[in-house]
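Trainee: Next come the chains, spelled out residue by residue.
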Amino acid sequence: MSSEVLLDCKGVWKLYGADLQTFLTRHANAPSDQDLADHNIIGAVRGVDVAIRKGEIFVIMGLSGSGKSTLVRCLSRLIEPNAGTIGYEGRDLLAMSDAELIEVRRRKMGMVFQHFALLPHLTVLQNVAFPLEVQGVDRKRRETDAMRMIETVGLSGREGNYPRQLSGGQQQRVGIARSLVTNPELWFLDEPFSALDPLIRREMQDEFIRLQSMLRKTIVFITHDFDEAIRLADRIAVLKDGRIEQTATPEELMTNPATPYVAEFTRHVDRAKVVRLQSIMTPFTGDGPWSGALPGKLTVAETVAQIDAGEHPFQVLDDAGKPVGMVSARQAIDVMIGRPAQ
Amino acid sequence: MSDETVNMTPVIETGRPEKGSGGAWVFWTVLFAATWALSTWSFALYKALDARWIIRFPARFALNLDTWITDAVNWLVEDLSFGLFTFRDTTRFLAAIIEAPYDIVRALLIDGFQSGQGQQAVEMFPPLSWLAVIAVMVALARYARDWSLAALVGGCFAYLAIFGQWESAMITLASVLIAVPIGGVGGLLLGVASYRSDRFERALRPVLDLMQTVPVFAYLVPILVLFGFGPVAALIATVIYAMPPMVRNTTVALQSVPEEVIEAGRMMGCGERQLMWKVLIPTALPSIMVGVNQVIMLTLNMVIIASMIGAGGLGYDVLTALRRLDIGGGIEAGVAIVVMAIALDRLSQAFAERRLRPLPDPSLPLHRRHPLATGTLAVVVLTTLSGFFVDGLRTYPEALTVTTGDFWATGIEWINVNFFDAIDAAKNLLLTWVMLPVKQFFSGIPWFWGIAVVGLAAGRLGGWKLGLMAAAMMAFIAASGLWGKAMTTVYLTTVAVFLASLIGIPLGIWAGQNARANSILGAIIDTLQTLPSFVYLIPVVMLFRVGDFSALIAMVLYALAPAVRYAAHGIRSIDPELIEAGRVSGCTRRQMLRRIRVPLAAPSLLLGLNQTIMLALSMLVITALVGTRDLGQEVYIALTKANVGQGLVAGISVAFIAIIADRVVNALARSTRERLGIK
Numbered sequence: 001m002s003s004e005v006l007l008d009c010k011g012v013w014k015l016y017g018a019d020l021q022t023f024l025t026r027h028a029n030a031p032s033d034q035d036l037a038d039h040n041i042i043g044a045v046r047g048v049d050v051a052i053r054k055g056e057i058f059v060i061m062g063l064s065g066s067g068k069s070t071l072v073r074c075l076s077r078l079i080e081p082n083a084g085t086i087g088y089e090g091r092d093l094l095a096m097s098d099a100e101l102i103e104v105r106r107r108k109m110g111m112v113f114q115h116f117a118l119l120p121h122l123t124v125l126q127n128v129a130f131p132l133e134v135q136g137v138d139r140k141r142r143e144t145d146a147m148r149m150i151e152t153v154g155l156s157g158r159e160g161n162y163p164r165q166l167s168g169g170q171q172q173r174v175g176i177a178r179s180l181v182t183n184p185e186l187w188f189l190d191e192p193f194s195a196l197d198p199l200i201r202r203e204m205q206d207e208f209i210r211l212q213s214m215l216r217k218t219i220v221f222i223t224h225d226f227d228e229a230i231r232l233a234d235r236i237a238v239l240k241d242g243r244i245e246q247t248a249t250p251e252e253l254m255t256n257p258a259t260p261y262v263a264e265f266t267r268h269v270d271r272a273k274v275v276r277l278q279s280i281m282t283p284f285t286g287d288g289p290w291s292g293a294l295p296g297k298l299t300v301a302e303t304v305a306q307i308d309a310g311e312h313p314f315q316v317l318d319d320a321g322k323p324v325g326m327v328s329a330r331q332a333i334d335v336m337i338g339r340p341a342q
Numbered sequence: 001m002s003d004e005t006v007n008m009t010p011v012i013e014t015g016r017p018e019k020g021s022g023g024a025w026v027f028w029t030v031l032f033a034a035t036w037a038l039s040t041w042s043f044a045l046y047k048a049l050d051a052r053w054i055i056r057f058p059a060r061f062a063l064n065l066d067t068w069i070t071d072a073v074n075w076l077v078e079d080l081s082f083g084l085f086t087f088r089d090t091t092r093f094l095a096a097i098i099e100a101p102y103d104i105v106r107a108l109l110i111d112g113f114q115s116g117q118g119q120q121a122v123e124m125f126p127p128l129s130w131l132a133v134i135a136v137m138v139a140l141a142r143y144a145r146d147w148s149l150a151a152l153v154g155g156c157f158a159y160l161a162i163f164g165q166w167e168s169a170m171i172t173l174a175s176v177l178i179a180v181p182i183g184g185v186g187g188l189l190l191g192v193a194s195y196r197s198d199r200f201e202r203a204l205r206p207v208l209d210l211m212q213t214v215p216v217f218a219y220l221v222p223i224l225v226l227f228g229f230g231p232v233a234a235l236i237a238t239v240i241y242a243m244p245p246m247v248r249n250t251t252v253a254l255q256s257v258p259e260e261v262i263e264a265g266r267m268m269g270c271g272e273r274q275l276m277w278k279v280l281i282p283t284a285l286p287s288i289m290v291g292v293n294q295v296i297m298l299t300l301n302m303v304i305i306a307s308m309i310g311a312g313g314l315g316y317d318v319l320t321a322l323r324r325l326d327i328g329g330g331i332e333a334g335v336a337i338v339v340m341a342i343a344l345d346r347l348s349q350a351f352a353e354r355r356l357r358p359l360p361d362p363s364l365p366l367h368r369r370h371p372l373a374t375g376t377l378a379v380v381v382l383t384t385l386s387g388f389f390v391d392g393l394r395t396y397p398e399a400l401t402v403t404t405g406d407f408w409a410t411g412i413e414w415i416n417v418n419f420f421d422a423i424d425a426a427k428n429l430l431l432t433w434v435m436l437p438v439k440q441f442f443s444g445i446p447w448f449w450g451i452a453v454v455g456l457a458a459g460r461l462g463g464w465k466l467g468l469m470a471a472a473m474m475a476f477i478a479a480s481g482l483w484g485k486a487m488t489t490v491y492l493t494t495v496a497v498f499l500a501s502l503i504g505i506p507l508g509i510w511a512g513q514n515a516r517a518n519s520i521l522g523a524i525i526d527t528l529q530t531l532p533s534f535v536y537l538i539p540v541v542m543l544f545r546v547g548d549f550s551a552l553i554a555m556v557l558y559a560l561a562p563a564v565r566y567a568a569h570g571i572r573s574i575d576p577e578l579i580e581a582g583r584v585s586g587c588t589r590r591q592m593l594r595r596i597r598v599p600l601a602a603p604s605l606l607l608g609l610n611q612t613i614m615l616a617l618s619m620l621v622i623t624a625l626v627g628t629r630d631l632g633q634e635v636y637i638a639l640t641k642a643n644v645g646q647g648l649v650a651g652i653s654v655a656f657i658a659i660i661a662d663r664v665v666n667a668l669a670r671s672t673r674e675r676l677g678i679k
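Residue numbers (our numbering), protein chains in the order written: chain A, 1 to 342; chain B, 1 to 679.
In short, the hints are calculated from the structure, not lab data.
Computed from a prediction, not measured in an experiment: that's the story for all the values here.
The C-beta atom is built at its ideal place from N, Cα and C for all residues, glycine as well.
Please note that the accuracy of each hint is not assured.
With the Cβ distance kept under 7 Å, some of the chain B side facing chain A (calculated, not the full set) [claimed, not checked]:
1. 263
2. 264
3. 266
4. 268
5. 269
6. 274
7. 282
Model the full structure from these sequences, guided by the hints.
Mentor: Below you can see the structure in the form of structure tokens.
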């Protein structure tokens, strides 16, 4: 993963109440929760810093009312934050003129919405082609591009249908195709699967993983579902009352929660599906015998059957295929049954 | 009951007054008793004290607004000049802009295109054949929904041809075809503007309120003075009357587009204009089309009134028949308006509800892709061209028309002969026991107490601002010397609203609980609402002759619909869980109704009451034609004398009464909703 930052959000505040500018100036852009309460001001997003790196899936996780939807709307400037900067390709998104912003949104950003937000009077094809239409791309080209995108999301044959003729999952596929048709580098997904049935949700998550393995976008993904966050994220920011509790990889969250609030989420998650071999391995000693070698990036859940079946420990390999540690059945089973490691 | 049990009583029970209601009870009793006492003894008081001001507003303080307005308008029309052109030129220019398309549509539908004038006129092109018009209507209905709607619409238009109403109907259709696009597009643009700008909306709202509450007659007078007698003046009045719901509807429709859709539009990089015309309006289109439907219905509602200032067609036929007391002719033309209204109503509703169909395969030839359009075009061209040679294709052959006039005349006569005594007895009963006492009560109230009592009541219900506004409005009426007529208005409206609620609310409650009753009542109510208000007058006058009683019956019939509809809606929209909760608690049907359904439907019932009052008031002005002596009569007299000031002042007085009623009932509905915790 490259560590180049694409979207750099610093000290972003979104408040609701009266006379906010004076309030923020008086408190040097860093009011405390008490200050907010004293002035009857609601802090939807409170001093959030996030740096989203190129090519990563960055999940913002929070329960309803935590400010996650407001935050993603600040990042895309659908909502005007009261303070802070949002750096994008070396420029401040918040300082852009309307025309510049429209240009950036047309070329660089795509967004998927919880309730799909499809235009009811347009067919699937027209919906997917709509962002191109808005840019003034001629009909032939935009329809060719849209058809290709419809094929990518697996909706070929439905392009003449209207949104109401499709199931929820299919409608969201249209939403995804529409958000990707301009080939944006930054992809926002605002609770894209929350309105879907659990089975379909799972299917769409798989579909999302498949798409991302092909497309390699930089993704900001909003969810209230911790399992979903764990499953999809490269890194997760846990949001509570408009503040970030912790930003970390799923594994770090599981193994090292920063606050009791985060710990509460991790408690009921199946650790084996998150914890990778590289974080439970013991240092590599070099002496065998070995039952085999496994990449350290695999999770315990993916490998436990194999490890358990082997007579001896397994070597753990790094990205380059070099052995860096070893793991035994005992260690894997500790994770599976939640026994503290010895 | 102990305190604990009281606390455990469910929310539903809030039907009974809450704390502090003891004070409210006293307030209302005292207010009513004082009003009643003053009303009963005001005349005696005036005699005893020799204080004439008690029953008459002192002339010294009278507002002479009517004379000022009349003078101002006269100055506008006679003297105002902008240098190069005068005010009158401006109105003429406006008139010409509207007249040109109207003439074209009229030529297309009925007159044919001619070159030359008068006797030397040579026909260049015949009007559309009646078959062609029917074919177009059928095709539109098929396009909008299905063949059964097409059959209904086709049948309606065929009726107009067969029953000899074709020519008048086409003149009416021509004015609909001009008024609806102007009202629709104008309303859409104003609606868009008030969606975009809060300030614009705030400025526009009172104007719309006035446009909807000032009786039409009131602005007929200035329009008549400015634009002269003729179809253009009628069209302008129609557009003013029909546009406000379109504006409101558009704004509400745009506001109810989901926030996500707007955000999606922004994220795709739409500019403001693209967002409005490519995202917002298409998404809101089905709701906006409901507004268009209303514009059409209100336009048809106006056809008779508009014929007073020069619109021809079916409305003119009804008006002349009514003046001649030609029973058969009036009903015939009235039914034709109804038939046309039903056809256009269903057609426009179908357009509003139309679901998009998959696009046709573009590789097919044109006539295969669009068989309906091409087929209709063929029929139109063929029948119209053959109109040059075959007269029967051009206008419906007279020999084949059927007239129902005699049938209606005989029918009414038969009822009058056989049921005169029964009808008369019912009439006298209602007059003696209900109408006269109420009338005496209202007309006895001295003007100063009337102002005070309205202010106090409105203030109590809706806050002191509303109280002050209501009192000021009543003072305006008194100062304009219209107090007595205003009280007659209030009395007729009160009785009509009371009767309409008495009949309508139980029907609505029944319809809300019974699907069969709902479908039957719904159909009746739909039809009642499609009828132009004028049509109600025809049978009523035939049966009950002129007077307050006829006016009352017409008002009750006209105002019945919202009482039924809102009651049914209120009952139906109660959360089913609450009904189940009641059932589980073992409520009997009666208890369910009394303890759960009616209290929870109360806000909806109040909204229905509000609409009932509005409709009764708007009908009141029309019933002036059958001889009531109220504000409506005042406006009507102003119309016949073309007295702008008199008409406007009386019209504004009616509007003020309507606005007070509207605000007060709304305040009541709001507080009820808050009490029940319903949004």
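Trainee: Taking the earlier hints as the rules, which of them does this structure contradict?
Mentor: none
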